[in-house]
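Participant: In case you want the letters, here they are:
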Amino acid sequence: MSPRARAALPQAFFLATDTGQRFCLFHPPQGATPLGRVLYLHPFAEELNSTRRVVAGQARALAQAGYGVLQIDLLGCGDSAGDFADATWAAWLHDAQQAHRWLDDHASGPLWLWGMRSGALLAAQLAALLQAPGTAPIHLLLWQPVASGQQMLQQFLRLRAASQWLGAGSTGEPPPSQTLAQGLAIDIAGYTLSPLLAQGLAEAHMPAPGSLQPGRLVWLETSSAQTPSLSPAAGRQLSAWHAAGWQVQAQAVEGPPFWQTVGTDEAPALVQATLTALTHPPQA
Amino acid sequence: MNLTEQVLHVLDNALSLQGRAASFDRDTPLLGSLPELDSMAVLAVITGLENHFAITFSDDELHGAVFATVGSLCDLVEQSLARQAT
Chain A
0 MSPRARAALP
10 QAFFLATDTG
20 QRFCLFHPPQ
30 GATPLGRVLY
40 LHPFAEELNS
50 TRRVVAGQAR
60 ALAQAGYGVL
70 QIDLLGCGDS
80 AGDFADATWA
90 AWLHDAQQAH
100 RWLDDHASGP
110 LWLWGMRSGA
120 LLAAQLAALL
130 QAPGTAPIHL
140 LLWQPVASGQ
150 QMLQQFLRLR
160 AASQWLGAGS
170 TGEPPPSQTL
180 AQGLAIDIAG
190 YTLSPLLAQG
200 LAEAHMPAPG
210 SLQPGRLVWL
220 ETSSAQTPSL
230 SPAAGRQLSA
240 WHAAGWQVQA
250 QAVEGPPFWQ
260 TVGTDEAPAL
270 VQATLTALTH
280 PPQA
Chain B
0 MNLTEQVLHV
10 LDNALSLQGR
20 AASFDRDTPL
30 LGSLPELDSM
40 AVLAVITGLE
50 NHFAITFSDD
60 ELHGAVFATV
70 GSLCDLVEQS
80 LARQAT
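Protein sequence lines correspond, in order, to chains A and B. Numbering that gives the first Met the number 0 numbers the first residue of the first sequence as 0 and each following residue consecutively. Numbering that gives the first Met the number 0 numbers the first residue of the second sequence as 0 and each following residue consecutively.
One or more of the hints may lead you astray.
Unchecked claim - Chain A is faced by these chain B residues, among others (derived, beta-carbon under 10 Å):
#: 1; residue: Leu14
#: 2; residue: Ser15
#: 3; residue: Met39
#: 4; residue: Val41
#: 5; residue: Leu42
#: 6; residue: Asn50
#: 7; residue: Ala64
#: 8; residue: Phe66
In short, the hints are calculated from the structure, not lab data. Note that beta-carbon positions come from the ideal geometry of N, C-alpha and C, so glycine has one too.
Whole structure, please, built from the sequences with the hints as guidance.
Facilitator: In structure tokens:
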């Protein structure tokens with residue numbers, strides 16, 4: 000491997016926090032002119048896994064262009080310590096602050112907070128926490144941001160209902176929102192959602208743009224329509240950011256809803272080898 | 000595109016069927032017949048339809064029977080559109 004290719008490799012490490020280790024990937028900035036730093040905040044539950052590939056590709060591309068990009072797996076997510084059942088919204092925001100501190104020590108230049116889906120809420124809330132009078136503006140890169148934590152929670156709870164439809168009829172169990180309201184955790188698609196996290200998520204809002212020091216806002220959505228256009232919900236929010244003095248760039252680009260679909264990679268040779276092994280056993 | 004074609008378009012995208020939905024009609028069975036349709040995929044179809052038609056389903060009207068066939072899914076969208084128009 001050439002020294003240049005080696006320098007371009009992301010650095011994987013565990014960030015020590017007071018509640019355990021967080022898995023991080025840092026993509027060092029390439030080229031002679033560093034452009035800035037980017038902290039990436041991932042989406043909720045299984046969406047973290049669905050989005051890994053696209054996000055990793057983007058992180059590499061940004062690093063190549065001169066940005067130092069840090070990705071962190073939040074408490075109970077991905078390869079980080081803790082169980083999903085132990086996660087809370089406040090703990091995730093705290094993790095994001097710790098990651099920012101690390102990035103502050105290891106890269107320089109304009110700061111971008113990049114959030115995907117519910118990660119966009121975290122990014123905007125982190126911007127509100129980090130801003131201080133007289134400091135440089137913090138920029139936001141939001142991918143397919145959810146309108147609110149409540150909307151995200153509703154979609155996640157629907158996942159539970161959907162898995163029941165796949166089974167033989169209804170089980171007659173109470174709706175998940177009722178179980179959570181009783182202070183009990185529920186299992187959804189392999190994730191244990193605690194009442195505390197459900198509440199924190201439900202209460203997570205995008206901060207009012209006027210409460211933030213204006214910077215640049217890049218808002219991107221994908222669409223499978225022939226002429227991609229932003230969602231109606233985006234239009235309303237964007238005008239609020241614009242009115243608050245943010246320099247807004249918003250666009251819908253052609254692309255699949257990759258955060259909710261599983262990969263479509265195929266392994267035909269594996270399928271064929273299995274088929275051959277089970278239909279043509281070797282002669283003993 | 001008529002309503003059924005639009006629903007099939009959303010279905011194709013949400014499940015990454017790569018054009019296979021074009022051969023579906025109203026009687027094509029979905030839940031239990033389409034291997035791609037797991038719970039994540041059901042959710043992808045729901046949100047895909049909500050986004051495409053700018054409608055919102057209530058949780059009461061979402062149940063397994065809705066995903067029985069292409070036709071039952073189209074009926075759900077039609078009802079939601081009609082409710083919104085009033």
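Participant: None of the hints should be skipped; say for each whether it holds.
Facilitator: How the hints compare with the structure:
A distance limit of 10 Å between C-beta atoms decides the matter here; for B:Leu14 the minimum to chain A is near 8 Å, and the interface restraint holds. Interface hint status for B:Ser15: upheld, as the beta-carbon distance to the closest one in chain A is roughly 5 Å, under 10 Å. Look at B:Met39: its Cβ gets to within about 6 Å of chain A, closer than 10 Å, so that hint holds up. Interface restraint check: B:Val41 against chain A, minimum CB-CB distance 4 Å, threshold 10 Å, status holds.
Proximity of B:Leu42 to chain A holds as hinted, the smallest CB-CB distance being about 5 Å (cut-off 10 Å). Proximity of B:Asn50 to chain A holds as hinted, the smallest CB-CB distance being about 6 Å (cut-off 10 Å). With its C-beta approaching chain A no nearer than about 8 Å, B:Ala64 sits inside the 10 Å limit, and its interface hint holds. Taking 10 Å as the C-beta contact cut-off toward chain A, the hint placing B:Phe66 at the interface holds, the least distance being around 6 Å.
In terms of the numbered hints stated before, the structure departs from none.
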